[in-house]
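**Student:** For reference, the chains in residue letters:
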Amino acid sequence: MTDTPDPEYRIVVGLEVHAQLRTRTKCFCACAASGGDGPNSRTCPVCLGLPGALPVLSRAALDLSVRAAVALGCRIAQHTWWDRKHYGYADLPKGYQITQHASPIGTDGLLRFEGGDGPREVRIQRVHLEEDTGRSIHDEERTRLAFDRAGIALLEIVTEPDLRTSADVRACLLAIRRLLRWIGVSDAEMEHGQMRCEPNVNLHIRCSADAGTGSAWTPTPIAEIKNLNSITAAARAVDYEVARQLAEWNATGTIGPGPRTTRGWSESAQRTELQRVKEEAADYRFLPEPDLPVVTCAPELAEAARAAQSELPDARRRRYIDDLGLPAEVADELTQTLALSDWFERAAGAADAPRPVAAWIVGNLALVEAAIVHRRFSAKDLGKLVRAVERGRVPRAAARRIILPEMARRGTKWREIVAREGLEMADDAEVAAAVRATVDAHPDLVETARAGRPQVLEVLVGDVMRATRGRADAAMVRTLVRGLVLGRP
Amino acid sequence: MKPLHQLGARRIAVGVRAREFSARDVTLAFLARVRQFDGTLRAFVDLDDERTLAAADQVDQRLAEGRQLGPLAGVPVALKDNFCQRGLPTTCGSRMLAAWHAPYDADVVERLVAADAVPFGKTNMDEFGMGSSTEWSAFGPTTNPWDATRVPGGSSGGSAAAVAAGLVPLALGSDTGGSVRQPAAFCGVFGIAPSYGRVSRRGLVAFASSLDRVGAFARQADDLAALLRVLSGGDARDATSVHDAPPDWRDDVPAGVREVRIGVLSIADVGTVGSSTGSSSTGSSSTSGSSTGVVPAAATVTEKRDCVETAVADALAASRAALTQAGATLRDAVLPGAADALAAYHLIAAAEAASNLARYDGVRYGTRVAGVNAETSARNTRGEGFGPEVQRRIVLGTMALSAGRRDALHGRAEATRQRLRTAFAELFENVDVLLSPTTPTTAFALGTRTSDPLRMYAADVLTTPASLAGLPAISIPAGHDEAGLPIGIQAVAAVGREDLLFRVAGALERAFGTPAIPTPFIEAVAS
Amino acid sequence: MSARVGDTADAADGVHDVISLARLALSDDVRERVVSACRRLAAAWQDLPETRRGADPSVVSNADCAPSHPAGLTDVLRDDVPAPGLSSDAALAGAPAVDGNAFVVARVADIPVPGRNSTRP
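Protein chains in written order, with numbering that gives the first Met the number 0: chain A, 0 to 488; chain B, 0 to 526; chain C, 0 to 120.
Just so you know, the hints here were simulated from the structure itself, not pulled from any lab data. Only true hints are included.
Covered stretches of chain C (chain A as the covering partner; in silico rule of three or more C-beta atoms under 8 Å from a C-beta of chain A):
id: 1; region: 73-82
id: 2; region: 94-105
Which stretches of chain A does chain B cover? Using the computed rule of at least three CB atoms under 8 Å from a CB of chain B, they are:
id: 3; region: 53-59
id: 4; region: 76-87
id: 5; region: 90-98
id: 6; region: 283-296
Going by beta-carbon spacing under 10 Å, a handful of chain A positions derived as facing chain B:
id: 7; residue: C28
id: 8; residue: A29
id: 9; residue: V45
id: 10; residue: L49
id: 11; residue: P50
id: 12; residue: S135
id: 13; residue: T142
Here a beta-carbon is modelled for each residue, glycine too, at the ideal position from N, C-alpha and C.
Make the full structure from the sequences, and use the hints.
**Tutor:** Right, here's the structure in full:
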């Protein structure tokens, strides 16, 4: 390789995301979508592709797909149907996959998300509903097959190639995952195979205007990357692929539009490896699925989904920043899940103070999330506690170190803890008495302070705070100590 | 009393319910018939005496327990071998499934058992339903009970032959492009393909899903009505099944045809495609067949032997006269686009067949032929497991859907189907029933068409239009030709109007008589 | 404009490709018989109305192929309620080869194995 400088180029990435829908049954049969007892324990004539078995579409799968298409801002198909996509593979039971080719449920959508360094948009080309295949386990001689996943309802989301950096790829995938969970259509756990993504990556390289094409930007062949099991891996794979394509360009200087390739990400080697070259588009011989009548109720379902749809995470995040004045990182954190975000809003309402509540939640996220799951304390409980702290009625340190942990551990009401532990703020007389007693007990420090080292009085302030068990205001204690010892604040 | 095997299905059910004879008696009588005659006929591919008698005994047991028996009490019903019955082989006439045992029951099997019928073995068929003669069965051909040198028609040839020969009173078939109606015509029995969706397809091994219909055979129209009623009704596990409650068509059989408007298809309207010379169909001139009394057909007909035979045309005329006599209004009718139906049918059926048969790869069930890897094994399995006609249709269907050819082949075929549906809808504004021959000819000789697919397909020319439109259609026995071979007349009605078909069937049964069990065949075997 | 089927050598080659797409391993003579039959059939049937009536063949799009039920059925949906299917024993009962509770086939050759050439056809 020469050390000529890299040419000017831009990265072009589109995503194909598959997410397992949160249905109890598979897409086209009544087999359970999860659970089971070992390989091939969740199958039936339909998903095994036995002779004579017929698919029937799950209402829930359709409904969740429409909900996702609506949340992604898609146009909803008036008439939608399924197509058989034919190809031969041992884990594809019928020799075709039931998918949507000509009439996806949703088209022309848009997803807004926060990119690496600012707001981004990615256009959504299509959203459709299809079935999963079985699983193959290869060894040297044989391939073993299980069909428990065959027929599970998958949502496929295809973006336009609008992403320009691996950071944006990462952010976009996080945003899609957050959105799918937010609207309740998928748990989207990549490590459990509930979400899979396949980035399509290529470069547009600036070169001297080509006499043949007249185009100044030459695209490199598109590589579709498979085997990604985390969002981090997806971003790394894009980085790797950009470097690889650039290196190939630098080495040969001539690659133009060529055949699409499929490359697999190797987690151990941290690189993509060639799987196959698609000389031409595979011939899937799409056939409209004759066993499934056309669906015309998607617009109706969409209307219901729109009516029921809560504010989406990106809009909510912006509102937290713009209207509530929350820092961006705090707004991000609070809009990770709908449950947390709604909880925050209830707590903020009870406290009548969103910013401190936000800080409390983000600062004690593990406690709060556990509380939400285990219902140890309510959003209102936290809101009221924060309000008491903000109004100086409960000591902040006690709230953090004693009250909140006990609320989380035992579900005790904070007022009970305050009463039991005597954690109300000390009154002026009690504070004054404590100051007097502490000063009287340390004549040596008083001496030193008066001799010109007033900073030693901080020891006395600390003693007073300890004596009052944090129930005094430290600034006020400091003023009282200095007044008593030095005769001035 | 007549021998049990000569009784109709409804008479048998009455007798069983009245304890005149037991379901076991009935089953034994028909098993004896099969033992006597099926060596020649070869209608059955699987019939286990013990299992069948056990099913009959269960019916008798239910009666002994004082239970109310269903409409088919103790009536043996044979199943074409593409219906799944739990634990039984379901071969579809193919080596591919020679050893496969279905792990579940077809919807129609559940319904038959619920009606106290006795499932009575599996009948021979063209492999996966692809054929018009039952010669494409991997297990050898079935013969025609009227003439053992002739085919019984197909693909449900085993069921049609068994009913015609009195080996079973009722049988199920499946009709994709005429696979019930055409063998019914060739064997001289009633055969119906009900409206698409009327009967669940769950457990019927798919050939072409948008065309496949469960059909039925009987020697009497009222028996057929009783059987169809048992089979009909919605099924939550067939999304294309229709959930309307089926009417009691038995009342329609004697109801007569007064005021029924019947259009008689102008035969010139339906051509047949191609010829044994393989010449292109376009632009060729029609060949007048007047010298042999053949009705001149459309411009695509190049050989007179593919046209409607004299005897068949005469039977149509006789039917017309009989129906007029019975008070129906008869007129000539044309069906625009009918000439294209055969081509459209074959392209659509082949495309869907290629798709439906993609699952036979020897991985999860069925025959497996080894290979160095999974793909080679799948290819070898499909190369050896499927017979030549199935392979031909798979290749044709794959071609019809492949990139670059799809619009010209499958796309145009679907457009033709839509036009044909519109033409039928317009036709049924003016008539209630469309009448035509079921087939252009009577049963042809064994071995005469297997080498020429286009000539074999020509047997379907009159049945495929109703298939494409999903319309109910029935073949009604209407006499015999000079060689004694049966002739069938087809009646087609609008979706859901099987009642009209049974009215016409009843009227013609009264005119032509209930078909007899063929004596020449019986005598030949007996001697 | 798509190529006419069945009347050129190119189309004949196309039929061979189709046999591969259909995953059929055929002996040479069977293959030739299938090819010639399909060429004849396609030739006999390519003249469906669009060409005969002079309409633009490009207007046939997949949208015209949306499944249409003769009785006009639409929106047939199933409640999301699990029902028992086949036990793993029943699922595997018809399998030509099994290992424990898994179906077994000769190795799927898609993924390259070091030191072994792909045997994918």
